[in-house]
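Chemist: With the hints as your guide, set chain B onto chain A.
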Amino acid sequence: MATKKDLVITIGPDGEVTIEVEGVAGPGCLDLTKFLEDELGEVTDRQLSSAYYQEEEEGVSISLDGGDHS
Amino acid sequence: MSHFTSVKTKIRDLTCLKRALDDLAFTYDEAVEEQLVTVRGYQGETTEAVLSVRASKTYDIGVKATADGTFEFVADWWGVESTRGVGEEEFIKKLTQRYSYHKVMEEIRKKGYTLEEEVSEDDTIQLRVRTWS
Chain A
329 MATKKDLVIT IGPDGEVTIE VEGVAGPGCL DLTKFLEDEL GEVTDRQLSS
379 AYYQEEEEGV SISLDGGDHS
Chain B
4 MSHFTSVKTK IRDLTCLKRA LDDLAFTYDE AVEEQLVTVR GYQGETTEAV
54 LSVRASKTYD IGVKATADGT FEFVADWWGV ESTRGVGEEE FIKKLTQRYS
104 YHKVMEEIRK KGYTLEEEVS EDDTIQLRVR TWS
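Just so you know, the sequences run in chain order A and B.
This note's numbering numbers the first residue of the first sequence as 329 and each following residue consecutively.
This note's numbering numbers the first residue of the second sequence as 4 and each following residue consecutively.
Isolated chain A, as found in the complex:
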């Protein structure tokens, strides 16, 4: 089943970009923003909320773009 996740991307007046992932728990959200981080520039800050450390629910796939997560 497809899983919907939203990225909220904020571009500040000086061009700095902040990317927030909604609707995903666990380390998968780091993969979800990598494509933008790599192309845009250099990561200066990363803040993980408690959701990152929660166990993923069973049966929810966070595999992305042929990544090796299951």
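The hints are simulated quantities; they were obtained by calculation from the structure and are not laboratory data.
Please note that the accuracy of each hint is not assured.
To give an idea of the interface, some chain B residues facing chain A are shown, with a C-beta separation under 8 angstroms as derived from the structure [said to hold, decoys possible]:
| no. | residue |
| --- | --- |
| 1 | Val-10 |
| 2 | Phe-74 |
| 3 | Leu-130 |
Below, a list of computed lysine to any residue pairs in the SDA-like style, where the Cα atoms sit at most 20 angstroms apart [as the list claims (entries may be wrong)]:
| no. | chain 1 | residue 1 | chain 2 | residue 2 |
| --- | --- | --- | --- | --- |
| 4 | B | Lys-96 | B | Gln-46 |
| 5 | B | Lys-21 | A | Gly-351 |
| 6 | B | Lys-13 | A | Gly-340 |
| 7 | B | Lys-97 | A | Glu-344 |
If you're wondering where the values come from, they're calculated on a predicted model, not measured in any experiment.
Yeah, the Cβ is synthetic: ideal placement off N, Cα and C, and Gly gets one too.
Modeler: Below, chain B without anything else, positioned relative to chain A:
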């Protein structure tokens, strides 16, 4: 939500940079193959660059490629500011914002993701992008 990432943009994509210049209503000459274009500075001094942005009748802003793959800007900023009314810091900030916008849109398009919402407020652009997996 589970994480925030902040990214400092590096200008490495000439196509997106040109789109950003278009947004800010700057015209420019572009190097063809290895033939660089002339950038005009103080009292007829010149240098050469990949792009020469026509800041005013007498001053240009040069876009030069650097060894690490990013582009840098060279100009007589005093001359640019006194003839165009835009200083170095303001120029680079505005250009970087428009560049970031075009770069994000391009990468989203490549991934096949959809833009759900675009809001501009207080000089900040917010994009909501839907992804599927």
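Chemist: Go through the numbered hints given earlier and state which of them the structure violates, listing their numbers in rising order.
Modeler: 2, 4, 5
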